[in-house]
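K.L.:
Based on the provided sequences and hints, a complete structural model is requested.
Each protein sequence line maps, in turn, to chains F and Y.
Per full-length UniProt numbering, the very first residue in the first sequence carries number 1; after that it's consecutive.
Per full-length UniProt numbering, the very first residue in the second sequence carries number 1; after that it's consecutive.
All clues given are correct.
Not the full set, but computed from the structure, chain Y residues with beta-carbon under 10 Å of chain F:
1. TYR31
2. GLY45
3. GLU78
4. ASP81
5. LEU82
6. THR140
Taking lysine to aspartate or glutamate and the DMTMM-like style, the derived pairs with C-alpha atoms no more than 25 Å apart in a straight line are:
7. Y:LYS71 x Y:GLU106
8. F:LYS63 x F:GLU34
9. F:LYS56 x F:GLU170
10. Y:LYS164 x Y:ASP130
11. Y:LYS138 x F:GLU184
12. Y:LYS97 x F:GLU39
13. Y:LYS138 x F:ASP187
14. F:LYS38 x F:GLU17
15. Y:LYS71 x Y:ASP130
16. Y:LYS138 x F:GLU103
17. F:LYS56 x F:ASP15
18. F:LYS5 x F:GLU17
Quick caveat, the hints were computed from the structure, so don't treat them as lab data.
Every residue gets a Cβ at the ideal spot worked out from N, C-alpha and C, and that includes glycine.
Take a look at the letters that make up each chain.
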Amino acid sequence: MSSIKIEFAVQMRKDDEAYASVLRTALDGVGQVEIDTKEGRVIVQTQRPWSEVHDKIEATGRKAVLSGFGGQSAVALINTTGSVVDRTPVQGVVRFTTITAREPGVVVDGVVDGLTPGLHGFHIHESGDVSAGCASVGSHYNPRQSPHGSQTAEAAERHAGDLGNIRADESGRATFRFVDPILEVWDIIGRAIVITASADDLGNGGNQQSLIDGNSGDRIACGIIARSAGILENFKRICACDGVTLWDERNKPLAGGDRSQKL
Amino acid sequence: MLRYLVVALALCATICSAAQARNNAIQAIAYLTGPVQADNSQVKGNVTFTQNDCGQNVHVRIQLEGVKEGKHGFHIHEKGDLSNGCASMGGHYNPDKVDHGGPHHEVRHVGDLGNLEVNSSGTIDITYTDTVISLTGKRTIIGRGCVLHELEDDLGQGNHTDSKKTGNAGGRIACGVIGVNYPTESAPAPASHHQAPLFYVPHEEPQDHVVYPLQRYPPYPLAYPYPHPYPYPYPYSYPLYL
Chain F
1 MSSIKIEFAV QMRKDDEAYA SVLRTALDGV GQVEIDTKEG RVIVQTQRPW
51 SEVHDKIEAT GRKAVLSGFG GQSAVALINT TGSVVDRTPV QGVVRFTTIT
101 AREPGVVVDG VVDGLTPGLH GFHIHESGDV SAGCASVGSH YNPRQSPHGS
151 QTAEAAERHA GDLGNIRADE SGRATFRFVD PILEVWDIIG RAIVITASAD
201 DLGNGGNQQS LIDGNSGDRI ACGIIARSAG ILENFKRICA CDGVTLWDER
251 NKPLAGGDRS QKL
Chain Y
1 MLRYLVVALA LCATICSAAQ ARNNAIQAIA YLTGPVQADN SQVKGNVTFT
51 QNDCGQNVHV RIQLEGVKEG KHGFHIHEKG DLSNGCASMG GHYNPDKVDH
101 GGPHHEVRHV GDLGNLEVNS SGTIDITYTD TVISLTGKRT IIGRGCVLHE
151 LEDDLGQGNH TDSKKTGNAG GRIACGVIGV NYPTESAPAP ASHHQAPLFY
201 VPHEEPQDHV VYPLQRYPPY PLAYPYPHPY PYPYPYSYPL YL
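P.N.:
So this is what it looks like as structure tokens:
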């Protein structure tokens with residue numbers, strides 16, 4: 001089974017059992033739910049995408065912040081240049097985690113907004129260098145020197161970084177969750193994830209380029225895969241640098257003038 | 001005698017296999033950016049890390065522009081996670097849980113890289129060599145965050161309460177994730193599934209004149225002080241190593 005634990009910090013009063021039961025009803029059918037009302041912590045063991053669980057919690061009218069994801073986990077923030085404080089039409093978060101310590105493979109779970117509707121190629125590239133935007137991250141991550149292929153192919157028939165396509169709906173949002181049996185979280189940390197303008201033909205295009213990148217076109221967005229916190233590793237509620245609380249964080253810029261006042 | 005040497009070399013080779021397979025320097029890069037300021041300036045630039053061989057010192061080249069004149073604290077943070085702003089990058093990378101210090105102090109966080117002194121031009125291009133950080137092994141900095149602070153890092157010697165934790169360096173003006181930066185052509189050649197043995201050891205029975213490669217022990221599950229009476233048998237399901 002590929003269900004994993006996701007930890008959310010949810011804004012609730014101490015020992016607010018009434019809200020806890022509201023939340024249990026809201027998350028009914030998602031998976032196994034543990035609610036710690038003392039710490040304001042909700043741990044969900046689920047096979048659903050994290051964005052869906054997050055939306056369900058926020059639909060109860062409280063703010064929720066994902067604070068831990070699976071075991072060894074990594075996260076990539078996606079935008080047009082891959083840099084940190086960029087506000088561009090394409091925005092997304094993709095998370096990666098191991099399933100269990102002994103099971104190989106990675107759960108890839110993400111949501112990307114601002115795409116054109118339809119399929120877009122989705123690949124891991126070998127470098128995490130975004131100094132020249134998405135152009136400088138190198139080619140597909142390919143430790144076995146194999147041809148480009150589909151994400152369901154054998155390890156020798158695909159690049160390790162070939163994750164196929166993601167599909168954006170009419171609103172331009174792509175939500176996806178799948179398990180890749182070949183990648184390892186420790187192996188992809190520090191590399192980059194790239195979304196392309198057109199669909200990946202999975203190596204079946206019949207021309208030379210198809211065996212290199214699946215004719216997937218220009219790179220429209222990318223992000224570096226960075227280390228992130230697993231379950232119960234992240235107890236922070238207030239940023240030590242300037243006292244902005246977890247709940248107000250999303251309304252503040254990541255860095256800069258608005259962040260430097262000490263409370 | 002020669003045999004010991006060969007075995008010792010083989011050991012070193014196993015530990016450093018990642019570096020040796022590529023047979024060239026390991027590089028990592030962080031592209032730091034800050035928000036665009038009112039006067040249209042923006043902190044941005046590259047920080048590159050180069051380690052010529054594993055276990056060796058790391059050369060850090062810092063090229064930044066748009067920074068205010070003065071000293072700015074510069075640290076590696078534990079996570080590279082930007083999903084909830086710089087707050088989700090965690091604290092300074094500090095696997096030993098020790099006090100904050102300066103880059104040349106005996107006691108320091110692994111991620112304490114001290115201060116950058118920026119002149120009136122607002123640009124900086126310096127190279128600095130650090131003996132503590134590494135791009136390989138268990139304590140790799142790849143995938144972690146690189147942060148430039150607003151104020152001077154007091155290197156743990158100030159009187160402020162945060163001095164021993166963060167150096168009281170104030171807010172974060174720019175940050176970036178440290179990514180791998182291997183040259184495109186140098187992906188390691190496909191190794192056969194079974195690695196060729198690096199040295200010959202007669203394997204009928206253990207040889208006491210051979211230095212066997214160290215096996216990695218699993219982390220000991222019980223924290224000090226150990227329970228008394230001592231739990232026996234050893235609390236692992238798999239057999240003991242040498």
